[in-house]
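Novice: Residues per chain, in single letters:
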Amino acid sequence: MKTLFSLYRQSLAGLRAMLVATLVLGVAYPLVVQGAAAVAAPWASQGSMITADGEHTTDPDEAVGSALIGQVVDDPDLFQPRPSAAGDGYDTLASAGSNLGPESPDLVELVTQRQAEVAAREGVDESEVPVDAVTASGSGLDPHVSVAYAALQAPRVARAHGLDVAAVEALVREHTDGRTLGVLGESRVNVLELNAAVLRAADGD
Amino acid sequence: MSDVLPALGQVAILVTALALSTPLLGRHLARTYTSERHLLPERATYRLLRVDPDADQSWRTYALSVLGFSLVGLLLLHGLGRLQPHLPLSLGLDPLPADGAWNTAVSFVANTNWQWYSGEAAAGHLLQAAGLTVQNFVSAAVGMSVAAAFARGLARSRAGGRVGSFWTDLVRSLVRVLVPIAVLGATALAVGGVVQSWHGPRDVTTLTGGTQPVLGGPVASQEAIKELGTNGGGFFNANSAHPFENPTPVTNLLEIFLILLIPFAMAWAFGLIVKDRRQGGAVLAVMALLLGASTALLTWAEMAAPGTVPALAGGAMEGKEVRFGEAGSALFGAATTGTSTGAVNAMHDSFTAPGGGLTMFNMMLGEIAPGGVGSGLYGMLVLAVVAVFLAGLMVGRTPEYLGKKIGQREIVLVALYVLTTPVLVLVGTALALSVSPGVAGLQETGPHGLSEALYAVTSAANNNGSAFGGLTSGTPFWNTLLGTCMLLGRFVPIVLVLALAGRFAAAPRLPAGAGTLPTHRPLFVVLLSGVAVVVVGLTYVPVLVLGPIVESLS
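Those protein sequences? They're chains A and B, same order as listed.
Okay, so the first sequence: first residue is 3 according to this note's numbering, each after it adds one.
Okay, so the second sequence: first residue is 787 according to this note's numbering, each after it adds one.
Hints may be right or wrong, so weigh each one.
[As the list claims (entries may be wrong)] Stretch-level coverage of chain B by chain A, calculated; a stretch enters the list once three of its residues show a Cβ under 8 Å from a Cβ in chain A: (1) 845-859; (2) 1029-1042; (3) 1107-1118.
[Stated by the list, open to error] Covered stretches of chain A, as calculated for chain B (at least 3 residues, CB under 8 Å): (4) 45-57; (5) 74-88; (6) 137-150; (7) 166-176.
Note that these hints are calculated values from the structure, not bench results.
For each residue, glycine too, the CB sits at the ideal point set by N, CA and C.
Produce the entire structure from the sequences given, and follow the hints as far as they go.
Specialist: Here is the structure:
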């Protein structure tokens, strides 16, 4: 009885504490961060959107997507992103990986099938298809492909747009991020920025 | 994709940062929990709470404060989930189902952040900010408070079982530690590209004429405390693999740093609170040793990429992001399961078999290397008592830790603590696999299916919260089972630890005698590491053999 009464009294203090916490941590704190982010990162905090000209924008009506989020490339002449397990592919309302395990027969089949598709599309042997071209990312929204996968696609994209392979390879290099400080993360190519640049080059800009 | 040298360089930067931050923050933490002065915002808070900040609570009252506070938090969060459609900024989303709201409320109050739901599809901005973010803060502060009370219990002599004031510890953990670091961390993350807005999904026309919503939300503010408080609940389903939560290799390393920052510093603070820095150093060494070993093994497993699919595809990139690669994913995986965080930047279900097994083993260690904020320290100290006791049995030393005699009552409490989680894990997994609603949630059959169930229950009972995502856990059966495991796995150990703290605080602190085993020497570091691994080994080897080990060998 004494314990129960004590628990009740502590819970009342707990209730007051939770109300204060909700106001301070649940309302004031996000607003403070919001203010700081609006000043320090006005573009990135709104979703890092870019236009077809590769310019930064915070207006979704001007944007062709977020530089941080991969998208379906519904054009066989452009650089293709990695396979995606988010919804039907790059569905931002359903970010997800496949969660298939390393011995999963389903995944073996998927990888085999993707290797055949990519090899046929790029006109190379299946053994030359890089790993990121046949595996789905963790988020299903990976905006990048590896340098190897971009290099594999460059000749096809150049041909389709009547551009020099060297010119497209130069665009790939321009949109490649190396490891930060030489050690952090991996070298990668941003597919949306690269495709936008290819389209601009093909238009003769 | 990853190369060895950059992988090592990445670890070197992290180790350097932690080596600098641990003593600094450790000293600040020790002062936070021992200072007699109250800051202005703290005094105002105590008045609002109507509590006496200088009241020295008995361990029982302290425990009741923890339970009362957490109970209220649980009810409030459950209510927010159920009432979601009636709240502002709910983005038109449905209420959480009853079992789901209960699971989520327990999950965030218990510092677990297991998520049966997908954030972008189930939780509106208000539930995320005013519900989940708040618990990210306060559940972390509860863990830190309990650890502080335990350290105080060891430091005091004949103090009548009094261990301090929970309300003071709680408020100070927030005001002096969690909030300032979270504001800095969140701003840094936003600069790095993490989203922070109040927008709902806004459609854009893609480059090739499709439609794709660009999401918004108070993400950076939640992300910072999610890592700093070793919570781990993602704003989005894909958690820290999502580019809006973790956009670059730099934010990746920052998030890993935030995960490890407080757990290591707590060990340093412990040494200062018990006025013997070497004791904190020994605990820290064990944490670093175990985390180092698991990071090395996990990185090796993912880079060497054994297994059918990795061999076929040419690497273990299923479920991983190109910007992080195998090394950046393995480092995050080791940090998140070595603490009780459970955030993921790659899908653990798709890790190689030895890699997935290692993340499970990390959790089974009881999350002590370095463990959750607070819970890692008290978990490790309980094992230190076991180590001292075993040494007593083996070589006839007097079983005492920091001058506190380990008698029958103490060892009973310790034994109960050590047994609680394994009982929850093994009974819970067995139950899940023996009834059809449990089996129905598994995505795969055979050993990998067992691993999915084992991982889920291990994650819940150890308050980690990461998942082998293939498991469909949003069913009444799994929500109830995992909710129960999270609740008991958090609060039973907390009560036992506080009871132990009370006994230590009541006992005299004896000077070290000739028969005392020194607990600050390398020998003890080895002994304690051994105890941690052997206790887990003996408990979990049979079930690990049936899951990841069989899978590795097949």
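Novice: Each hint needs a verdict: does it hold in this structure or not?
Specialist: Right, here's what the structure says about each hint:
| no. | hint | verdict |
| --- | --- | --- |
| 1 | 845-859 | holds (count 11) |
| 2 | 1029-1042 | holds (count 8) |
| 3 | 1107-1118 | holds (count 7) |
| 4 | 45-57 | holds (count 7) |
| 5 | 74-88 | holds (count 7) |
| 6 | 137-150 | holds (count 12) |
| 7 | 166-176 | violated (count 0) |
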